[in-house]
Amino acid sequence: MEEPRIDVGYVAKLSRLEISEEQKPKLQKDLESIVGYIAALSELDLTGVEPTAHATALSNVWREDTPEVSNTREQMLGNAPALIDEELIKIPKVLPGEGSN
Amino acid sequence: MAMPELKNRPIHAIAQDLAAKSYTVGELVAEYINRIDQNDGVVKAFLKLDKERVMRNAEESDRRRATGNPLSFYDGIPIGVKDCIVTAGESCSCASKILEPVISPYDATVIAKLKSQGFIPFGRLNMDEFAMGSSCENSAFQKTTNPHDPQRVPGGSSGGSAACVGAGFAAGALGSDTGGSIRQPAAFCGIVGVKPTYGRVSRNGLVAFASSLDQIGPMTSDVEDAAILLDTIAGHDPLDSTSLPNQTTNFAEAVRNAPKSFKGVKIGLPKEYFTDGGLSSGVEKVLQRSIDKAKSLGAEIVEVSLPHTKYAVAVYYIIATAEASANLARFDGIRYGKRVNGKDLVDTYFQSRGEGFGDEVKRRILLGTYVLSSGYYDAYYLRAQKVRTLIRRDFEEAFKQCDVLLTPVTPTVAFKFGEKSDPLQMYLSDIFTIALNLSGNCGISIPAGIDSKSKMPVGLQLLAPAMAETKLLSFAQTLQQ
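Quick mapping for you: the protein sequence lines, in order, are chains A and B.
Per the numbering used here, the very first residue in the first sequence carries number 1; after that it's consecutive.
Per the numbering used here, the very first residue in the second sequence carries number 1001; after that it's consecutive.
It cannot be assumed that every hint is accurate.
Cross-link-like lysine to any residue pairs, in silico, SDA-like; alpha carbons within 20 Å at most [stated by the list, open to error]: (1) A:Lys93 <-> B:Val1346; (2) B:Lys1048 <-> A:Asn79; (3) B:Lys1343 <-> A:Ser20; (4) A:Lys13 <-> B:Asn1341; (5) B:Lys1143 <-> B:Asp1422; (6) A:Lys93 <-> B:Asp1344; (7) A:Lys90 <-> B:Val1346; (8) B:Lys1386 <-> A:Asp45.
Stretch by stretch, here's where chain B covers chain A in the computed footprint (C-beta under 8 Å, at least three residues) [to be verified]: (9) 53 to 67; (10) 79 to 87.
Calculated from the structure, these hints are not laboratory results.
Every residue gets a Cβ at the ideal spot worked out from N, C-alpha and C, and that includes glycine.
Chain A on its own, in the form it takes in the complex (with noise of 0.2 Å):
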């Protein structure tokens, strides 16, 4: 079997995930070991064998499409780190450029 090599810099980029210069050799070393092991999976002959996404044969549930009582805006936006006006989340620039948050 051949030994993975992942690059953890770009994984960590997809997952928008800031790693450490000093972190990245030891997760590594852990990411490699851990995909080494899971690669047993591909000794399996799996030829007709249906994919199990879910435990349960549930699918398409619905609710009725009726007004219900739910939480409220204030509750809601209690836990946001920074407001404007007490209603609109506040977040820092999107795009490059002048200005600040």
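Fit chain B to the known structure of chain A by using the hints.
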């Protein structure tokens, strides 16, 4: 009567004490707080406990009881809550820095159900961060210790819940089980833990780790208590689309009427669980005594095979991490939780997640992202889902030959802190619990005895088909009597 020793005092006995007015709910809750004040400095099961609030809840319960209007026979009994199940007005950090600032705006369905029967949600119990771990060592805040030996881990991820019940800090607790996170710590701490059938208990208000595997379940000092709590929290919930409809639950009644013998019952021993997986001789010895007991109670013991057992850990760590990487994408520092301001929006995601998540969570997000990434999806994720089908079929075949399976819960007794520093070695210790989550069936861990060498508790596991909790719990009761 004076306040009895609360350690190992079951819910059903406390309920009778309260009905007999042996003590008030206020006295009961004050005694639990007293025990916590004295001992939780070592055990470290609680991340938080709002003492004023629970005392207020106790007074309300006493008033209801005094006017003859208790919400149920169990009104006023405190139940500890794992820190990944939301309780309105309380924190819910999942033992992670990224959720440390959050106050839950609503009650999880299981909490609402507990409250409707008068149970008091009692504090926030420690866990491995986002339920990722088998020892509670991955909590961002504290290391819970085993109530039987402070040098040893309580297990995980519901280690705080198991230690809370084992130490007598609450009458019972709720945990969650994605790959053994209720059953393994229950075994390590010498208590009972149930992983219900997938869909039996609503996941609304449980912070998602791996959505196709997660289930909330009871952790208690005996089987009857587990049945009482499962009766309370189970049932269809329109707020969880994976919740199973048309459930009837009367587990406590079934346990009280459990058969005195195993006459006509076939108990299967999956041979792979006794030969592969590194079962220690100490655990095996205790299990053998339970098997002998089952035999002497009239059970027919049959050997069965779960041939794909050796692939279960690999399948689990692909599926669970893939689902986790998607579920944890929502923690980005924008709408709630910890935000670390970066130079722009995307940098804020990177910084918030980089500082907010601990090492094990990062490892699993990376692994999950990797197995889902372009070029690897078919080789890992799709393949794992196919092997999951084979694992499910293994159980279906086995249950044709027996009523329940009897297996070890863990290869060894509770290990010492730092003993399993390699992540893969830690994952491999889950070998006997994870296949159950992949299959969706139900299982229970009950105390089987004490390992003669370490003097630590050993658990045994009974596994039953989906929706067969009545059988599972009553057989567990028969074995424990």
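Does lysine 1343 of chain B pair with serine 20 of chain A here, judged by a C-alpha cut-off of 20 Å? holds (17 Å)
Holds or violated: lysine 93 of chain A to valine 1346 of chain B, with C-alpha atoms at most 20 Å apart: holds (9 Å)
Compare the distance between the alpha carbons of lysine 13 of chain A and asparagine 1341 of chain B with 20 Å, and conclude whether the hinted pair is satisfied. holds (18 Å)
Given the hinted pair lysine 1386 of chain B and aspartate 45 of chain A, is their Cα-Cα distance within 20 Å? holds (10 Å)
Please verify the coverage claim for the region 79 to 87 of chain A: does it have three or more residues whose C-beta sits within 8 Å of some C-beta in chain B? It holds, with 4 qualifying residues against the three required.
With the threshold set at 20 Å, check whether the alpha-carbon distance from lysine 1143 of chain B to aspartate 1422 of chain B stays at or below it. holds (18 Å)
How does the coverage statement for the region 53 to 67 of chain A fare against chain B, requiring three or more residues with Cβ below 8 Å from a Cβ of that chain? holds (count 7)
When you check the alpha-carbon spacing of lysine 1048 of chain B and asparagine 79 of chain A, does it fall within 20 Å? Measuring from Cα to Cα gives roughly 18 Å; hence the hint holds.
Pair hint lysine 93 of chain A and aspartate 1344 of chain B, alpha-carbon separation not exceeding 20 Å: With a Cα-Cα distance of about 5 Å, the restraint between lysine 93 of chain A and aspartate 1344 of chain B holds, given a limit of 20 Å.
Taking only the CA atoms, is the gap from lysine 90 of chain A to valine 1346 of chain B under or equal to 20 Å? The given pair, whose Cα atoms are some 14 Å apart, holds under the 20 Å limit.
In this structure, none of the earlier numbered hints is contradicted; all agree with it.
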